Amino acid sequence: MISTPKDRITTPQSAVILINYVLGTGILTLPRTAAQAVKTPDVWISVIIGGLLAMLAGIIMAKLSERYPEKTFYQYSRDIIGKWCGGFISLLIICYFFMASAFQVRSMTAVTDFFLLEGTPSSAIILCFMWVSLFVTVGGINPIARLFEIIFPITIIIFIVIASLSLRIFEVDHLRPVLGLGIMPVLKGVKATTLAFAGPEIMLLLLAFMKHPNKGVKVVVVGIGVTIVFYLVTIILVIGALSIEGVQAITWPTIDLMRSFEIEGLLFERFESLLLTIWIMQMFASYTITFYGAALGLAQLFNKNIHPFLYGLLPIIFIVSMIPKNVNDLFKFGDFIGNSAIYLFGGLPLLFLIISGLKERKA
Amino acid sequence: MWKSIVAYIPDWKVFALSLIAAIIPYAIYKTFDWIRTADKMKSGESMDSNQTTQAQDPNEWFTGDFAKDLEAVRHEMARHSDVYFREFQIGGIGLKAAIVFVEGLSDKNLIDKHIMKSLMSDYEECPKDRHRTNGNLSKEYILNKVLSIRKVDEARRIKEMTPKVLTGSTALMIEGLQDIFLLETSNGKSRNIEEPISEGLIRGPRAGFNENLCDNTALLRRDGENPSLSLIKFQVGKREKRDLVIAYMEDIAETKLVEEVKRRIRKIDIDSVPESGYVEQFIEDNYLSLFPQVQNTERPDRVIGALMEGRVAILLDGTPFVLIVPVTFSMLLQTPEDYYERWIPGTLFRLLRYFAVFVSFLAPALYISFISFHPGLIPTKLAISIIGTRGIVPFPAIIEALILEISIEILREAGLRLPKPVGPAMGIVGGLIIGEAAVQAGIVSQILVIVIAVTAISSFSIPHYSLGLTFRILRFIGMFCAAVFGLYGVILFFLLLCSHLVKLKSFGLPYASPAVPYRLSDWKDFMIRMPLLMMKRRPKMMHTRNPIRKG
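So the sequence lines, in the order shown, correspond to chains A and C.
Residue numbers for the first sequence follow the numbering used here, beginning at 1 and rising by one.
Residue numbers for the second sequence follow the numbering used here, beginning at 1 and rising by one.
Just chain C, with the same shape it has in the complex (with noise of 0.2 angstroms):
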């Protein structure tokens, strides 16, 4: 008896190897564990040290006197070289008066001809009485008779009226006024509404937003007549502050959400936001993660339907693309097209794009497991073919792969930035005379250029150039583990991949949903698409507060 337990007690090996099994799944979670809190405590930190920074605000008052305050105004743009300065005396009277303003930014026809015209035109027939007050005009007089302007803002001290002028306004000051006008005349130049390049469509609207914030709320405005669409301005940036939008529709958006958007939003804590891409990795759920939790655009079409299911777009001075929280895996797999090509095309195009996503990343890991590990279990006569043209390969499979799979990278990286006349001559040299020349060489195999070509050309038709991305780092992944453990290893990396995605949450909604959890009723709207007639209500998943479309 006792002999026999003995027997079954394991090696010393066994036990050593149990101490890795938990040892090295621990250090990986003390790592992340260490690498948040990290980042927490860093994020602390620097809120405390804006607050020390807004105290200090020195406030300098305008006197009233024209001649000091104007003295003030040009120490205080002295640092500006493209401020300028334009005294003159108003028509009639003979009072003193002064524009500020920035060449290029300010309307130059509206200074000339409505600011200037009217001020220096002849104020005899002026009413005495009440508006002229010991030689003066008085505010209310210009503000309603002269100006012929639609936006009049007021400043009482420099600091206010400083970053006006610099954005573009013209601020304008009165002998005898103690207050400035700030005279609404900016005009930045902006691109006109093109097609956007990276979203194409045959079918469909061909506008897209550019780098104007105004330009781009007002495409949302324009879309249809609707009073719920709200637009709530922020300003992110501590010390090039730009203008940020969220945009919802009132009746629609679950406010849980829209809270939870204003408090992330209000939390981003950085000296200038270039590119809305900033704004989408200070707001993402888990930057550990591979995948997009934000989803980027420049199709208004796309963020005015986005908008409709529930979901919340961030828009960006300064940059075309507009990001939609929250995102679905799936909502990355589709286009604005399959809503309006009818709905046969609009599901198989779908399923297309599913299976697509499969080859690209999975194809080569299948490739390498196959033919490294189990050549027994595909078909004999492929086997024998592959074979042959794999006969005078000197590298394993893996390496092959490798090889190829890198240049294709690298093509594609120097595609990108090239000159567009360079371009095709490029991918002629790379991927015809080289791919050829290096099966001719013997360096990789027929089948595995097969292989590799098609996952590329996969990868190329997912929409969301984001999610592409995710997938031509994973397939490098795959490839490893294929290497490592054959098929079973690809199992493994599949399951790691769907218990990551099960896990990930966007702004609260679970990523992979409605795959999971089950929620029969949207998935009308997943691989296939049903047709409209058949989608009365919005996403369940969204929570939305009027959950229903149509009838």
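Just chain A, with the same shape it has in the complex (with noise of 0.2 angstroms):
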């Protein structure tokens, strides 16, 4: 009953975080951001292939924690390529950390301003999505992790129940004709889809405060198998009622999906409400986790309690956010982070899960 003093979070509630990383802008932009890339109906191999492959490293980063229990990535790097190269890899994750934060509150921003808030500054939308999410983080994981399972099922009812509805304007001629154009643009799309799988990254923090550390893989594969649903829910939907050529065209194909119909004598006849509302709580947790990770980094790396550089982030982020002047910037803000996501996640975790396996046959 009374709790364990310290912080520890079950198998479930780590897959929900990781769910609740993934999704976040993806669900609007994907559609458009695939469909550029790929240019044929197929942008839905390519979110399963994206898919899969961010599954694969997030299998390698559970793998790799898995190695040195209890410890975050902060800790352990130094263990593997010593104190110095490892402080600055992990400085390096950390201001990934706090510019993907940044940007999730901006586009938020952004798309608040856009549909709910004409007029409204935008750094008063910021400063009061910061507070609110300063306020759960500083009480550890265990809250963000339990406000993650209530977000989780909110999101998961809305969904299906938007998603239902749209079927009345989807037409399955719009996704056909299937690999009309060959393998090539699907595999063009890859890239463009496995940035919005960004998030198994998590990984190397998260195992550190899991009861059964040995269930990282079953919590990465779980964890992205539930975001490959949402988002091939979605892809399929949205171009399957606007067609890959409206797609390529509109900013925000998902919300504009559901402002394309009107369902009379229900409570609503529009559901873009609906969609923000969920859209804006999965942001809300994208954002509260990355702001952890920056935050946690910093306290393990400088071995100090996480409540000032809580407190110390704050402004930094708010900078970085305010930085873009338009969409077009936030998007190649965007673009960055995904690409630095890239180098940063998809081979170091590899190569020091070999160079730790090595340093382990010596000894």
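Any given hint could turn out to be false.
Pairs of lysine-lysine residues, derived as DSBU-like cross-links and limited to a Cα-Cα distance of at most 30 angstroms, are as follows [stated by the list, open to error]:
1) 189(C) x 164(C)
2) 218(A) x 540(C)
3) 540(C) x 211(A)
4) 215(A) x 359(A)
5) 524(C) x 215(A)
6) 233(C) x 325(A)
7) 524(C) x 218(A)
8) 267(C) x 233(C)
9) 145(C) x 159(C)
What follows is a set of in silico ranges between Cβ atoms, one per label pair, in the way DEER data are often shown [claimed, not checked]:
10) 119(A) x 406(C): 26 to 36 angstroms
11) 409(C) x 119(A): 40 to 50 angstroms
12) 225(A) x 233(C): 54 to 64 angstroms
13) 530(C) x 225(A): 24 to 34 angstroms
Bear in mind the hints are in silico, worked out from the structure with no lab data behind them.
None of these values were measured; they are calculated from a predicted model.
Backbone N, C-alpha and C define an ideal beta-carbon position, used for all residues, glycine too.
Make the complex out of the two chains shown on their own, each in a separate frame, by following the hints.
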């Protein structure tokens, strides 16, 4: 009854954190970025491939973390490649995390500004968002996990409702022909779709908090598997309704899908408010966990309490989030973060795994 | 290159705001931190002062000289006008004796028929050898042969005697005996066992607790033969001491939990404890939270149900409200009737209550956000009819909603205090006449009246009064959030509320459980109520010592 002094999270909680982290901007933008890259209706195949690649990267990271129980990446990277190199890599990852959180809060603001709150200053929207997130983050990983567990079922229920309602304007013809231009276009889209699955990197930190760290691989498989389903449903519905040509020209295709049909006789006729609700919650989740990841990294790097870093990061994230001037800048920023994710988490964990394996053999 | 970088460096305002971003939450954190530490300092100081008061305690022993002792007792009781002395002679022997009692607190019949009568009757046949030494009666003889009283204590000091006499016992002084007998004769008036007003049921026992602790513990005992029901007595209040009993099932409740409850009750340090609400506020985990972290109830069946789940009940003398700890949010939305009725209606009523909670704190906020910020998101026809009714209203939606909400709150508060015959009249004047007139005068719109009325009714359907209060307050916060940020504000408000709920704990048990962390086995009795056949175990979250209920 009286809680254990050490923060521990269960296996389902870890999976929920992973899902909530991965789902985010992708729901709204993935159909467009993928369609622009692939240009044929086979986008959904790219999504599956991208998801599987992300899953592979996640499994590697989980395997790596499994070797160092109760330690986060920030702590064990020193053991693998020495204090200074490990510290430098950790610093890069910390930068990645807070850049990612700044990107998430800014893209949330962009959508909110555009669809819900015209004329409200972005800074006000961002500040409130960051403060609410800070409130839960100061409690540590356990409240974060529990909050995500509340957000997750709400997301699923609303998503299923709006997805099934949008079936009314779904046309299978928009998805044909399958592989009409061969496999090449599909492969071109894989990079864009893999970026939407950025998120398994949280396994580098999460495993240290898990009650059963040996189930890390299972968490990755379930977590990424669920997100693949989410993204797949989204992309099939959006392209099925708006066609591949239509999707490429729209900034936020999923919202446009919700606006493009009305159902009479229900309390609501249009469902974009529901979509925006769950999407803001998902962005909140993604932002919170990256914010926590960055602050945790700083705290462990300098071996200090996490609280000053939580407060100290707020101004930095705020400034970074205000740098992009318009939506195009924002998307460029997103691409930059995605690319750095590929460099940081695509190859590096595998390298670390090999080095640590070699070291073990020597010893 | 350099130019393009410079172009992206934000305005100085952004830097100023970024400082605000850190300073405001830090200031809030510091303030709360200061409140907490200040509170701790204070309680630490008072702990020290107690120990000094307990040390001074004059001992006045009885001398054995009847006249002298009686005079001492009279002197001690001089300040208590309701204390009566009756001097008499023990029958046949001529020994002097006196009884001391408080009028009204002690049982008249008992004193007249059993104490006085048996002492004043003839003692001729009393054996002279053993029990009478130089003209006096022995203590054993009086205890074993004379007094036909259930419970007799002995006192050697006036200090021991006074509190007992003042709570209804009768003191008996006999010439030649150094000790004084304290005869248990207390007979305080207590209310009958009636149906609890605050928690009515259609189906279920009609009994409710009353103000007498003995009656209340007896109600728990009488519930069924159950030797494992433990009742442990404490005294709270430094100046006005009151009995407090904690009840738990010896072989079910987690030992750690029971110890924690005992520890917190021992820490209560105040001169008097008038009601269990005092106890609640001293033992709760987070007094800055809006949510009640202790359940209070007047129903014995509810208490027994909680004890069977491994919880602990706290009964205080002088109040019918019994406290149950630990409590979870879902528990406050359940009623015993959910279990007495069959499972399908039980489930549906529960779901209805969750929906009512949602409506009761978010409906006005959603109304404000849709009307002021996103009229495009509501169906066109509805939007037209709302705008039609709102056309002549001169206020923004938030002011309009506040006018009506505050009037309803005043109406409720007034209705609570009014004598019963006046109540309905006030309801008619307040609710019907003012509501109707306000709409016709164009101060508020009809749609809003509907929204507010539905909200008020929904908040009545929350079975736990304290939780209803919480949502009444939250509703206003939600309305302000909606007025500033629209739907976005409502979402942030919801997230903030959830963040608070997941952090809150009641005696170590997460307040939001069993919702989070996911405990599928406990979901059988959460938003839905599965058939009793399927509920084979006690709630897992309680870590009970004996998890199996049936089978």
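Hint-by-hint comparison with the structure:
Distance restraint check for residue 189(C) and residue 164(C): the Cα-Cα separation of roughly 17 angstroms lies within the 30 angstroms cut-off, and the hinted pair is therefore satisfied. Pair hint residue 218(A) plus residue 540(C) holds up; C-alpha atoms about 25 angstroms apart against a cutoff of 30 angstroms. Taking the CA atoms of residue 540(C) and residue 211(A), the gap is near 18 angstroms; set against the 30 angstroms cutoff, the hint holds. The straight-line distance between the Cα atoms of residue 215(A) and residue 359(A) is roughly 24 angstroms, inside the 30 angstroms bound, and the hint therefore holds.
Our distance criterion of 30 angstroms between C-alpha atoms is met by residue 524(C) and residue 215(A), whose separation comes to about 27 angstroms. For the hint pairing residue 233(C) with residue 325(A), the CA-to-CA distance comes to about 69 angstroms; that exceeds 30 angstroms, so the pair is violated. With a C-alpha separation of about 26 angstroms, the suggested pairing of residue 524(C) with residue 218(A) holds against the 30 angstroms cut-off. The straight-line distance between the Cα atoms of residue 267(C) and residue 233(C) is roughly 15 angstroms, inside the 30 angstroms bound, and the hint therefore holds.
Pair hint residue 145(C) plus residue 159(C) holds up; C-alpha atoms about 28 angstroms apart against a cutoff of 30 angstroms. As the Cβ distance of residue 119(A) to residue 406(C) is approximately 29 angstroms, the hint placing it in 26 to 36 angstroms holds. Taking the beta carbon of each, residue 409(C) and residue 119(A) are about 32 angstroms apart, not inside 40 to 50 angstroms as hinted. Restraint check, residue 225(A) to residue 233(C): a C-beta distance of roughly 57 angstroms satisfies the suggested window 54 to 64 angstroms.
For the pair residue 530(C) and residue 225(A), the beta carbons lie near 29 angstroms from each other, so the given range of 24 to 34 angstroms is met.
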